[in-house]
Amino acid sequence: MKPMAPMKPLDFGPAWWPKELGQPASSGRQNEIGYAFFPEQRRLAIRRGQTVTVHDSGDHQIGGVQAQGGSLRFTSQSGEVRVEELPQVG
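Count along the sequence shown starting at 1, add 97, and that's the number in my numbering.
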């Protein structure tokens, strides 16, 4: 019996957020909306279809994500935050 081969790393495809943001602390998708959180840069990137927007996350330490009715809501240390409440930058 051969030893089990190591697992290959997961491949989530190419990065869709602006390169200058680097690697996100967390990223994912909910109902066809992608998100990537960059706490050091205080930025949150959102992808809807082929459109990417970048938002100032301020002092929020974004955790849980919920998609509802085409909108994303995040949980932070300050409670629930809608993406629309975060200023868009760039």
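No lab work stands behind these hints: they were computed from the structure.
Quick caveat: nothing in here was measured; it's all calculated off a predicted structure.
There's no promise every hint is true.
Claimed, not checked - Simulated restraints, written as ranges between beta carbons of each label pair:
| no. | residue 1 | residue 2 | range |
| --- | --- | --- | --- |
| 1 | K116 | S173 | 21 to 27 Å |
| 2 | S175 | Q120 | 23 to 29 Å |
| 3 | Q138 | S168 | 41 to 47 Å |
| 4 | W113 | P184 | 16 to 22 Å |
| 5 | V186 | S123 | 18 to 24 Å |
| 6 | G176 | R126 | 40 to 46 Å |
| 7 | E181 | Q158 | 47 to 53 Å |
| 8 | R145 | M98 | 45 to 51 Å |
| 9 | T172 | K99 | 43 to 49 Å |
| 10 | G155 | M98 | 53 to 59 Å |
| 11 | M101 | D153 | 19 to 25 Å |
Ideal Cβ positions, reconstructed from N, Cα and C, are used throughout, including at glycine.
Whether the CB-CB distance between V186 and S123 falls inside 18 to 24 Å: holds, 19 Å
C-beta pair W113, P184: status relative to the range 16 to 22 Å that was hinted: Holds - the Cβ-Cβ distance for W113 and P184, about 21 Å, lies within 16 to 22 Å.
Outcome of range test on Cβ distance (G155, M98; 53 to 59 Å): holds, 55 Å
Distance restraint evaluation - G176, R126, Cβ atoms, bounds 40 to 46 Å: violated, 23 Å
Distance restraint evaluation - K116, S173, Cβ atoms, bounds 21 to 27 Å: Because 25 Å falls inside the window, the suggested range holds.
T172 paired with K99, Cβ distance criterion 43 to 49 Å: Between T172 and K99, where Cβ atoms are some 45 Å apart, the hint holds.
Beta-carbon spacing of E181 to Q158 - inside the hinted bounds 47 to 53 Å or not: Given range 47 to 53 Å: violated, Cβ gap about 19 Å.
R145 versus M98 beta-carbon gap, inside 45 to 51 Å or not: holds, 49 Å
Cβ separation of Q138 and S168, checked against the hinted range 41 to 47 Å: For S168 against Q138, whose Cβ atoms are near 23 Å apart, the range 41 to 47 Å is violated.
Cβ distance range 23 to 29 Å for S175 and Q120, holds or violated: holds, 25 Å
CB-CB spacing for D153 and M101 relative to the 19 to 25 Å hint: This hint is violated: roughly 46 Å between Cβ atoms.
Violated hints, listed in ascending order, are 3, 6, 7 and 11; each of the other numbered hints is respected by the structure.
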